[in-house]
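> Residue numbers (numbering that gives the first Met the number 0), protein chains in the order written: chain U, 0 to 244; chain G, 0 to 136.
FYI, nobody ran anything at the bench for these hints, they're computed from the structure.
Glycine included, each C-beta is placed from N, C-alpha and C at the ideal position.
Be aware that a few hints might be false.
Rough simulated footprint, nothing fancy, chain G against chain U, three-plus residues with beta-carbon under 8 Å [said to hold, decoys possible]:
(1) 101-113
(2) 124-130
(3) 164-172
(4) 191-205
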Amino acid sequence: MSDRDPVGISRRRLLGGAAALAGAALTPGLFLVQARPQGGADAGVRWGLLVDTTRCREECQACVEACREENGWPAADNGTGDIHWIRKVDLQDPETDGAGHSVPVMCQHCAEPPCVSVCPTRASFRRADGIVLVDKHRCIGCRYCMVACPFHARAFVHAPVEERSPNHPRGKGTVESCTLCVHRIDRGEAPACVERCAEAGHTALVFGDLNDPDSEIRQALREHSAEALRPDLELGAGVRYHGLS
Amino acid sequence: MRRRHRLAWIGSGAALVLAATALALAVGGLPGDGGEPAAIADRPEPRGEACVHDDPETMRREHMDLLRSHKDASVREGRRDAERSMQGCVECHATPAEQQAQGAPEMAFCTSCHEYTAVEMGCFDCHSSEMEGHDER
């Protein structure tokens with residue numbers, strides 16, 4: 000295009016004008032993705048759980064019952080399969096033959112979760128604040144994550160769901176596990192198991208932000224030594240156990 | 000001669016189609032001029048003044064996309080909005096108890112259209128349609 004262009008507009012100016020117009024047209028659409036006041040999961044937070052095995056009673060099932068009531072999963076039944084978001088496991092070191100421990104085991108909310116690595120549909124994911132979840136609208140029920148999880152923390156819904164909890168939608172053909180009561184955390188409350196354990200008078204569970212040096216869980220971790228289950232796997236679990244060794 | 004025969008056949012076929020169309024219009028009326036189909040008109044009235052999402056026409060057309068988008072924001076990013084949640088829908092659109100007592104389904108507002116259009120709706124296979132004790136899902 001020459002300087003003596005009869006129209007009097009250069010290619011560069013034309014493109015510049017078109018870009019400005021396109022920008023103006025798109026601007027209203029930006030409001031569609033504007034962050035809501037709630038802001039969503041905070042990447043600066045790392046939610047964690049400390050289990051004090053010295054305070055956990057072998058016969059007590061309070062945390063399991065609280066989880067079941069909160070999230071609406073059925074008790075173990077031959078007809079419905081074994082759903083276990085949280086379960087009590089008796090641990091004993093076979094070499095020392097010492098006293099055993101009874102501990103609750105649930106999703107360990109790993110920093111590097113194997114279930115997320117193997118998921119072919121990205122249904123398993125890790126939220127910005129470290130909570131590992133299943134997006135059931137994406138889950139195809141392949142159960143790779145159940146095989147990958149070293150803690151046997153996930154379960155598959157085999158049968159149509161009869162009782163639906165408003166706190167957590169559950170559906171046949173999808174995998175589910177402990178959500179760390181994400182709906183309660185987003186409201187500013189502690190998980191149901193932690194609350195019930197305190198009500199039962201054991202306070203064996205401490206919940207909090209592992210990134211906050213002043214949080215209750217960090218203070219407890221300073222006082223007690225605590226380790227992850229299967230520390231050899233180096234998964235960076237968000238759930239730590241005190242008194243195992 | 001054969002060409003004239005073929006034209007006659009085509010002509011009579013076209014006339015038959017025209018006659019059938021005229022008859023259908025005479026019986027059923029023009030599409031869109033008779034108001035909404037009975038199944039849709041029967042749906043329960045929602046509570047509140049207006050849908051928190053958008054105007055009813057937009058919601059009718061785009062509710063499935065809006066629901067999916069909100070699911071991604073709340074489940075994957077933790078950006079929750081109680082009014083725009085599935086339970087928020089239930090709050091306004093669940094069938095009132097007195098109509099349920101007369102046999103109307105819990106979520107007749109949804110099912111009236113979905114049955115009419117033969118679009119399967121699986122929302123409440125997993126999500127609770129109860130109005131009490133809900134949180135923000």
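> Now tell me, hint by hint, if it's right for this structure.
Going down the list of hints, with the structure as the test:
Against chain G, the segment 101-113 of chain U contributes 0 residues with a C-beta closer than 8 Å to a partner C-beta. That does not satisfy the three-residue criterion, and the hint is violated. Using a Cβ-Cβ cut-off of 8 Å, 4 residues of the segment 124-130 of chain U lie near chain G, which meets the minimum of three, so the contact claim holds. Counting residues of the segment 164-172 of chain U whose CB lies closer than 8 Å to any CB of chain G gives 8, which reaches the minimum of 3, so the coverage claim holds. Check on the segment 191-205 of chain U: 0 of its residues sit with their Cβ under 8 Å from a Cβ of chain G, so the three-residue criterion for coverage is violated.
Of the hints listed earlier, those the structure fails to meet are numbers 1 and 4, in rising order.
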